[in-house]
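Trainee: The two chains are supplied separately, each in an independent frame; assemble them into the complex guided by the hints.
Chains as they are written, first to last, in my numbering: chain A, 142 to 783; chain B, 587 to 1015.
Don't read these hints as lab results, they were simulated from the structure. Keep in mind it's a predicted model, so treat the numbers as computed, not measured. There could be a bad hint or two in this list.
As the list claims (entries may be wrong) - In silico SDA-like pairs for lysine to any residue, Cα to Cα no more than 25 Å straight-line:
(1) 931(B) to 525(A)
(2) 958(B) to 410(A)
(3) 956(B) to 453(A)
(4) 958(B) to 372(A)
(5) 417(A) to 955(B)
(6) 391(A) to 892(B)
(7) 892(B) to 779(A)
(8) 918(B) to 678(A)
(9) 673(A) to 766(B)
(10) 673(A) to 921(B)
(11) 931(B) to 606(A)
(12) 391(A) to 402(A)
(13) 391(A) to 633(B)
(14) 892(B) to 746(A)
(15) 931(B) to 582(A)
As the list claims (entries may be wrong) - Estimated spans, in silico, between C-beta atoms of each pair:
(16) 688(A) to 898(B): 27 to 37 Å
(17) 989(B) to 488(A): 35 to 45 Å
(18) 774(B) to 732(A): 46 to 56 Å
(19) 227(A) to 781(B): 45 to 55 Å
(20) 806(B) to 777(A): 52 to 62 Å
(21) 471(A) to 655(B): 10 to 20 Å
(22) 243(A) to 876(B): 33 to 43 Å
(23) 989(B) to 781(A): 47 to 57 Å
(24) 774(A) to 655(B): 55 to 65 Å
(25) 319(A) to 983(B): 48 to 58 Å
(26) 471(A) to 774(B): 48 to 58 Å
(27) 628(B) to 471(A): 17 to 27 Å
(28) 987(B) to 506(A): 40 to 50 Å
Think of the CB as a built atom: it goes at the ideal place given N, C-alpha and C, for glycine as much as any other residue.
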Amino acid sequence: MKAKGRLVSCGRHAVRAAIVPLLVALVCDAAINARAEGPAVAPQEQALLAVLRSETPESEKAITCKRLAIQGSPAAVGDLAALLANERLASWARIALEAIPGPEADAALRKAAETLSGRLLVGTINSIGVRRDTAAVGLLEGRLADGDADVAVAAAAALGSIGTPEAAAILVRSLAAGSPDREAVALASVVAAERLLAAGRRDEALAAFDAVWRADVSEQRRAEAARGAILARGEAGIPLLVELVKAPSKRLFNMGLSTARELGAGTGRDAGLAEKVDLALLGAIAAGSSAATGAGRAALVIDVLADRNAGGAGKAVQAALVDAASAGPAANRLAAIRGLGRVGDAAVVPRLLVFAAEPEPTVAAAAIDAVVVLPGAAVDREITSRLATADAKALPALIGLVGRRRIPAVAEIVPLAGHGDAAVRQAAIRALGATVDAGQLDVLVRLAANPRDDAEADVATAALAEAAVRMADRDACAGKIAAAIDAGSPRKNALLAIVGEVGGPRALAAVAAAARSGDPALADVATRLLGKWMTPDAADVLLALATSDAAGSYRGRTLKGYIRIARQFVMPEAERAAMCRKALAAAGDAADRKAVIEILVRYPHAETLAVAKEAVAAPGIEAEAKAAVAAIEAKLAGAAKP
Amino acid sequence: MAAPRARTRRAFLRTGLAAGSLAGAPMVIPSSALGLDGAVPPSERIRVAGIGIGRRGEYDLGCFLQQPDVQFVAVCDVKEGRRSAVKGIVDKHHGTADCRTYRDFRELLDQKDVDAVLIATGPNWHGLMAMLAAKAGKDIYCEKPCTKNIAESLILRDTMRRCGTVFQAGTQRRNLPHYAFACELARTGRLGRVQRVFAHPGGMRAETSGWLAEEPAPDPAAADWDMYLGPAAWRPFHAQTLADGFNFEKGGGLVGGGVLEWGSHCVDLCQWAVNDGPPPVDYAPPVDGQLVCRYANGAELIFREKDWIPLGSCPVRFEGETGWVEAGDSGKLVLSSPELMAGRKVEEIGGYPATFHVRDFLDCCRTRGKPKGNADAACNAHIACHAANVALFLGRPVRLDTETWRFVNDAEAGRLRSESLREPWRLGS
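Chain B with its partners taken away, still in its complex shape (with noise of 0.2 Å):
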């Protein structure tokens, strides 16, 4: 008789009750459930469910809470009082005890009344457990950033196509009137020809994160370490660096942080500035505080820290043959000449909400259609500042092919165009 083959975790929850499963029956039934109020019945809703809800998290939480049609149904999380905390805000909202929670994300994604997932992991996790969760069927919500180098943004992209997910990059200015006139306005020729667009970066220092003096790990149950670290190449537990979700990992490689902090929201728009096309071909290592990058067009992307009108952070500039225009997260615009607005009333709203873009993405996930941080989007964007840090790291130009995404003849270049992942994970399939 043939052993029996070993059994992995996750077979045996396939045939096993999942730990953190059960949930009681509400003891009292609100009035949303009955459709009352002017809410959307539960059986209408869309079904959320949290992972990695930290502070930004939980941010993006509450805008998902606000939307009539949502039902958070879970929360995942390696830390404990993160999954008690999130639970309390969730079920305090519905006014029920239902909230499920999980350690293990896979545990989650194998729920079937788990519709779309909210990911706010931090960077070190962002991409893979999106992949991971398209391939469960969910509809995705990602904080940025979304991907740590130039292969894993096309295999992000590749796998949203294939899995035909609903994705959202977690960069919410498109969804932002001012900022999407001030596009608007570059994509439509109003500024004459682009020739440059601006972007601020947010720091320009490539950096890694290393490892740590080892200190005694906790309990599992309290805080995972290995599910925190995930992807991460090992090391030994540190409170420091389990702390720091926020930068652990960030950009991955030899080339993390860089201009990706603001630069995967600066970037996005420029990109949708000039029609969300390849990104740029060219990038040059900075010279005088700017980092500059050119299409093959000849337009130019410029990541600069300074010289900004004080428009608030994340700030933008597109400069035509004609005209240009400044924007920034006050919610204002700054035009080179009024006839641009040619009457038009475009509302300012400060401070970045991500409440546009949730409502995007909860549209799209009943239209199936592409919502405006959609996955193609992210990737030209999130290559174009991979591509930008390695010029930074390496100190010299190089050159992408926006077709093989390939750097042309520069093998060492090349060699920052992906990372390995620790065992056991792995991008794609």
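Pulled out of the complex, with its shape left as it was, chain A reads as follows (with noise of 0.2 Å):
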């Protein structure tokens, strides 16, 4: 008999599920009793049980071995035992032998493992595994000779998760007297390991870690055994750690990256211990300087060490790096100076900036960047106090570093902004635009009224942008730009296209006005910054100058602005059919007209229905509004059935 389909839609996917009676309780089933775990089979087990004891299709029992692990108790066991033999079936029955509580199911897990063999012997194997059951660690030992070898690792790896003293010790036993499976018993025997440190049996874990670490198996089970080795020791971990870090082969150097960011590390972190690791992993960076593991390799370590010491190193820590940072290897060099940054003060900004001024692009690009994410103000302190002395040669520098910083120095860096050096009037222009608040801005909008000249004049609009663009009162920026406009800045429209960029109702004013100015450089940048302004306040700016007598070459463009608030935003459909029937009216070409019925047609309402209809007069339409009067209709009447 087949099996009947439903659809149970879910979303944007359609999943077809097997029909059982009971199923429904599945999926709808919004009060699932509590197991009760008493002699007596309720009546919902009750059922599924004969469902299992019936003549019905597969499918529907293995729905229902799904059920009984919610709603199995004991007395489910048996008949879920008696299909653990049943290709098609054993392994939804282990859904549930694995999720029922009970000595029950352990029992019959075992039995089964008597008399199974191949894959279902497996399966039946990692259930035990899973439920851990201790009483089974005989018949596992038993197993890891199996001369199926794929249910000897199942058997090493169940051992490994029960996880006791026994079961470690006979994987560790098992992998000194050379087993063929060596691998599969030395990553149980590491996860077994795990297990007894994790229940505090400190000293039998790291008999186990030992072992796979001392044995004959691959780097990646060594490695991983040396890392459990060195985290359970802590501070006798070290002499360990070192050796990894150390050691020719990249798996086990990788490991020891990896470890020695855990040991010692992270929250709770025990500052003895994280310390001593630090001066080890100093070490090793010295000796990695000068051998053979090369340069490279120093360079991941001294990452290391930053990420340890993130937010605050100890002295020895941040000299270590200064000194790395200091000479040596390009890489080396590079990686202490990022790890400055990470894990510097104050006290390493006067070596940064040393840095930063040498020849070498990428060092001093990278001395810039371990400056600027130093935390603190005395950070602030240091480089602002060096702006008065310091030459036009490393000015330059020290700006850059107050403008991305932000650090609030406008009344140092405003004399800067007139110095007899391009390279530092820019800079400072730049830092401005980074730093000036509201009450400062005038500075800047000076700045870019009237630049000195064409370069200055690129640096100083960028940086009033950045400035405008942050000032909570928009108004009032707006306001002091459009000032400047009125003034007769030369660089007008550039100040112009700043004002767009600042928004709202001032900025929008000033636009309008300088699109009807009559100046028709001005006017072309203003129409153009209507047509993408991001309020509806400016539709009535837009359809005023399509329709005006000076709109002239802009008509079509300011009509398509209009046309576009119309359609992108959110507002109620008898003012979006208004602005529709306006548009209609104002359209010169065929083209703007039926981007006015793709709107109707985009919003199907009552309203938009009446101007699709009043189209259908319109010349060089008629098809389409006929067209976009049958799609709404059709459109409300699908919204309005049941």
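Mentor: See below:
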């Protein structure tokens, strides 16, 4: 008998699931009773067991097994265990057997393990491992020598999962005896050791970790064991950590790096242990710089040190990083400079500024980036204290730091905007862009409105734009810039573009005025800005422009901007329809009228339907309007259906 | 004389040539092999292989191939058509015919010249395959959702730690600047004490992948049904099940799907906003379209489908005592006050590209650092989704102890904490 299918809709995706009368309860039941652990079998469970005992299709039995994972009691174990030999249903039965608590399920799995073979036996052993059945340890030990390698490996894994001292000892003995499945035994030993460590049995855990570390197994297994041994030993594990970090093997070295990020690190870290680990890593860096392992590795260890000490490092680490940053292979220097940015404080600023002045651009850039991210006001003071005495060569970098760190040093920077050196002036203007507040904006407006030259003009415009968009009072900001335009700034077009970016009612008024000014270049900028205005209050301005005698060559642009607002913004449909009606009346060509028709169809409503019907009489779009009427009516009819 | 031990397929492969592993010498040596044109020499590239590269996987593959320090060396799929198609893409990119193909991912994991794997099989395999890849010493970029239940999430995390693996969950949004900024505002106290974080689940319906009527199974060489099923409980072949890898066994168990679809993305960000601490402890079923969870410190994680500012898919919102921020896949942010920007320029990158996430992963493969979507973060975010799904399925509140990772005084919920795998597969070891 074929299983029936029912579409279970889930948003975008549909899943066809087999129907079982009880499956309705599966997806709809909001009152699944908690399992009573008493001797009586609940009626729901009885019904499920009846399914398993019947001749119903396998598909129904499968889902019943899943149901028993929640509702099954020890009473269900027998029926489920009977399916463990069934190749099609064993995996379903084990879903329930792994979930049902109590010794009955454990006993059933152990019993099945005595008679099953092949994959079914592997599955049963896996479930024993998941349940961590300590009574199965002897059975599993026997299976370690099974003629089927997959069974032996499963037995090892299950012992690892059980993770008792007895299980671990069995695994370690098997490893020492040269098990043919020693990779699996080694992994299981590590897992068992982790279990033991979590249970507070450190010495037994270490015995297992050490056994695998010493064993003739793959580097991956040995690396995993080494990690465990290091973390379990804490401070006493540092020598092994250093051994990993110095190991020629890339795999062992990599494990050393990741373990170094764990040992004595993170929340709740032991400060004493952390410091010892740091010192050990510093020693490894020193050795790595001259050893066969190479400078590239030292750079990676430096990165680890920085990770371990992010937010603040002790003096030894900081000093070592300064040394590594000062000289040596480029990779080490760059890693150390980056590291100083993460772990340093104001004390490292002078050295970083020296690096920032180096001719090698990657070093200089790295040093600047490091100073940018150093925390604290003391760093700001270190930078600003140098502004008055630095020469023209050093000033641009210092001023750049003021800007990137957003140090409120406008009073110190403004004079530098008039410096004799162009690089200094431009750096100062950029920094002002990042740091001025609303009360200081006039400085930038003046610089942008009347720049010294073209190069400075671009810098000042960009700086004013950066400052303007973060001003909380948009209208005040737009007003100041608009005043500069009205005063006849030679940069009025660029200033107007900034006003457009600022937005708001005052900005809209200024841009509208510019569009009507009669200045062709200004009008060009203004109408472009209006065409992409991000608030609907630009609609009236655009329509007025599009329908004015002075629109000229901007009629099309401004009308398109008006149409865009009708299309894009959330508004009452009556208002949208009114806009469409006006747009149709103002449109000079069929293309614009068609664009309006598309809006009507996009927003089907009684109001837009009325406009569509009127549009049938508009020139050049009769067919589109009729199609729109039909489409809108269809959409409205569809929406009205229950 | 003792009978020889039954040898498994894998034992045979150790001593014999693996099928499909033969690679012909390239006919043309492209300039990239010689380090010209700014390319990275092959010896310094990270050798990546792909497993289960379907539609989403092809997108990820494209992000990997964009990186100059990636050499894509192999692809594995249960479907022959996909093996051929992906090999074609890779070979064309590298200008060679060297991309190897495998039907059995274990053969691919045995390859010594594979440094990292891209796993995009569909949720049925993600967690288990990632653990097997870690055991084989590979670094892993794994599509989401990464796990099917709470227990699997914990074992995944522990496996990655044990193996020293660089693991990146395919949640990519932590590497997008506007999301990162929003999370930073919450994390650094700029919004005041965080009171609520909101996630869009992309659906709140628990479901299970069923058993469809049996159809004639294809030749395994064309489509390996047994391998497709993998850890999922046995069922007969059905073409629709084979075609729907995106949904098959998503979340597994009786609580599949649910809030995991977008939740695994959005909750990941919410977790970052609250500094990647343990997931919530209390979970209640939906009321008025909202599924409310509560952290130990009283802050709430709220799944909701509606009332979002239209900022695109996978939106999140963080509310603190003094401010809030909302962000979505459009790349845009909405803030309670412009002062929260404090002059920062935050790049608006819409469309949630994975390029930066892939780059982050590759950088960490070299430094052995933790990428942003690392296993610890992914574990906590997934556990939050799984626990929410348990409350959703049971239709009642549940409480999770985030030290023992057990439901408190709740044997019934505890039964949904894990699910058995089909033989011969198992988690952990």
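Trainee: Evaluate the given range 45 to 55 Å for the C-beta pair formed by residue 227(A) and residue 781(B).
Mentor: Between residue 227(A) and residue 781(B), where Cβ atoms are some 53 Å apart, the hint holds.
Trainee: Take the C-beta atom of residue 774(B) and the C-beta atom of residue 732(A), compute their distance, and say whether it sits inside 46 to 56 Å.
Mentor: 51 Å, holds
Trainee: Within 25 Å, alpha carbon to alpha carbon, are residue 391(A) and residue 633(B)?
Mentor: Since the Cα atoms of residue 391(A) and residue 633(B) sit roughly 15 Å apart, the hinted pair holds (cutoff 25 Å).
Trainee: With a cut-off of 25 Å on the C-alpha distance, tell me whether residue 892(B) and residue 746(A) pass.
Mentor: 23 Å, holds
Trainee: What's the verdict on residue 918(B) and residue 678(A), does the C-alpha distance respect the 25 Å limit or exceed it?
Mentor: Holds, because 22 Å separates the two Cα atoms, which is no more than 25 Å.
Trainee: Given the hinted pair residue 673(A) and residue 766(B), is their alpha-carbon gap at most 25 Å?
Mentor: 28 Å, violated
Trainee: Compare the distance between the alpha carbons of residue 391(A) and residue 892(B) with 25 Å, and conclude whether the hinted pair is satisfied.
Mentor: 50 Å, violated
Trainee: Please work out if residue 931(B) and residue 525(A) have their alpha carbons no farther apart than 25 Å.
Mentor: 23 Å, holds
Trainee: Check the hint pairing residue 417(A) with residue 955(B) against an upper bound of 25 Å on the C-alpha distance.
Mentor: Roughly 21 Å between the alpha carbons, so the hint for residue 417(A) and residue 955(B) holds.
Trainee: Within 47 to 57 Å: is that where the Cβ-Cβ distance between residue 989(B) and residue 781(A) falls?
Mentor: 56 Å, holds
Trainee: Is it true that residue 989(B) and residue 488(A) lie within 35 to 45 Å of each other by Cβ?
Mentor: Since the Cβ atoms of residue 989(B) and residue 488(A) sit about 40 Å apart, the hinted range of 35 to 45 Å holds.
Trainee: Checking one constraint from the list: CA of residue 931(B) to CA of residue 606(A), max 25 Å. Satisfied?
Mentor: Holds, at roughly 12 Å.
In summary, the structure is inconsistent with hints 6, 9, 26 from the numbered list given earlier, while agreeing with the others.
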